[in-house]
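Those sequence lines, one after another, are chains A and B.
The first sequence maps to residues 129 to 243 in my numbering.
The second sequence maps to residues 9 to 117 in my numbering.
Keep in mind the hints are simulated off the structure, nothing from the lab.
Note that the structure is a prediction, hence the values are computed from the model and not measured.
A portion of the hints provided could be inaccurate.
As the list claims (entries may be wrong) - To give a feel for the contact side, a few chain B residues facing chain A, derived at Cβ under 7 Å:
1) 40
2) 52
3) 70
4) 98
5) 108
To be verified - Derived CB-CB ranges, DEER-like:
6) 207/A - 16/B: 14 to 24 Å
7) 169/A - 28/B: 18 to 28 Å
8) 207/A - 114/B: 35 to 45 Å
9) 199/A - 53/B: 34 to 44 Å
10) 109/B - 189/A: 16 to 26 Å
11) 181/A - 24/B: 43 to 53 Å
12) 86/B - 182/A: 39 to 49 Å
13) 207/A - 59/B: 18 to 28 Å
14) 136/A - 53/B: 37 to 47 Å
15) 148/A - 53/B: 20 to 30 Å
16) 148/A - 47/B: 21 to 31 Å
The C-beta atom is built at its ideal place from N, Cα and C for all residues, glycine as well.
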Amino acid sequence: DAGVTQSPTHLIKTRGQQVTLRCSPKSGHDTVSWYQQALGQGPQFIFQYYEEEERQRGNFPDRFSGHQFPNYSSELNVNALLLGDSALYLCASSLGRGANTGELFFGEGSRLTVL
Amino acid sequence: AQRVTQPEKLLSVFKGAPVELKCNYSYSGSPELFWYVQYSRQRLQLLLRHISRESIKGFTADLNKGETSFHLKKPFAQEEDSAMYYCALRIVNNNDMRFGAGTRLTVKP
């Protein structure tokens, strides 16, 4: 089991561009959460997807959107990039309703740099 | 508002010394608290959760609702404990996890 995989690992964009980050959850997991981790900070919750729907959302603007596919993989899209969007974006998978122990399995992250 | 505070960004102890990483939380309901750890060149992973009342790698953490704290303790630190430690709060029935800013623990030989 490869665990949670994310792509790309690094990318550089310019202000105003759009970016798509991808995540494949751990085998058997059906829930995907996305986090933004700025330098020197802890991960901040962006949103969570379960059954192809956004179930919960943190305090992030609508420029941040996502999607979950039938195979449980997920995408994070960020439009109109700002310099402040530069961060490590972490994907975490877990089991959904009824079996959610609170344990998150994290990927290695996608480091986004906005110039 | 739900918040997790880790007052120490950096903590350094000698091998064999006791270590305590502090965590305070702000939440009006019944919290679920966790400690996550990130070792060098590894991904973030769960260390322990308060509901399990377990000791993992010699670490324990007790939830103190009166002081709204969930400090992580180990009586004798080892060099391999050097890592970044994050305290996290999960709001029941809400599913998002709120993380503190983290404490970097360095255990010196």
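Please test the hint of 18 to 28 Å on the beta carbon pair from residue 207/A and residue 59/B. Once the Cβ atoms are compared, 39 Å apart, the range 18 to 28 Å for residue 59/B and residue 207/A is violated.
Could you tell me whether the CB distance from residue 136/A to residue 53/B stays inside 37 to 47 Å? violated, 22 Å
Closest C-beta approach of residue 98/B to chain A relative to 7 Å, hint status: holds, 5 Å
Minimum Cβ distance from residue 108/B to chain A below 7 Å? holds, 5 Å
Does residue 40/B meet its interface restraint, that is, does its C-beta lie within less than 7 Å of any C-beta in chain A? holds, 6 Å
Using the Cβ atoms, figure out if residue 169/A sits within 18 to 28 Å of residue 28/B. holds, 22 Å
Go ahead and decide if the range 43 to 53 Å is satisfied by the Cβ distance of residue 181/A to residue 24/B. holds, 51 Å
Given a hinted range of 16 to 26 Å, is it respected by the beta-carbon distance of residue 109/B and residue 189/A? holds, 22 Å
Is the distance from the Cβ of residue 148/A to the Cβ of residue 47/B consistent with 21 to 31 Å? holds, 30 Å
Satisfaction of the hinted span 34 to 44 Å by the C-beta atoms belonging to residue 199/A and residue 53/B: violated, 24 Å
Regarding the hint that residue 70/B lies at the interface with chain A, is the smallest CB-CB distance below 7 Å? At 17 Å from the nearest chain A Cβ, residue 70/B fails the 7 Å test, so the hint is violated.
Does the Cβ pair residue 207/A, residue 114/B satisfy 35 to 45 Å? Given a distance of about 40 Å, which is inside 35 to 45 Å, the answer is holds.
In the structure shown, a violation is registered for the earlier hints numbered 3, 6, 9, 13 and 14, in ascending order.
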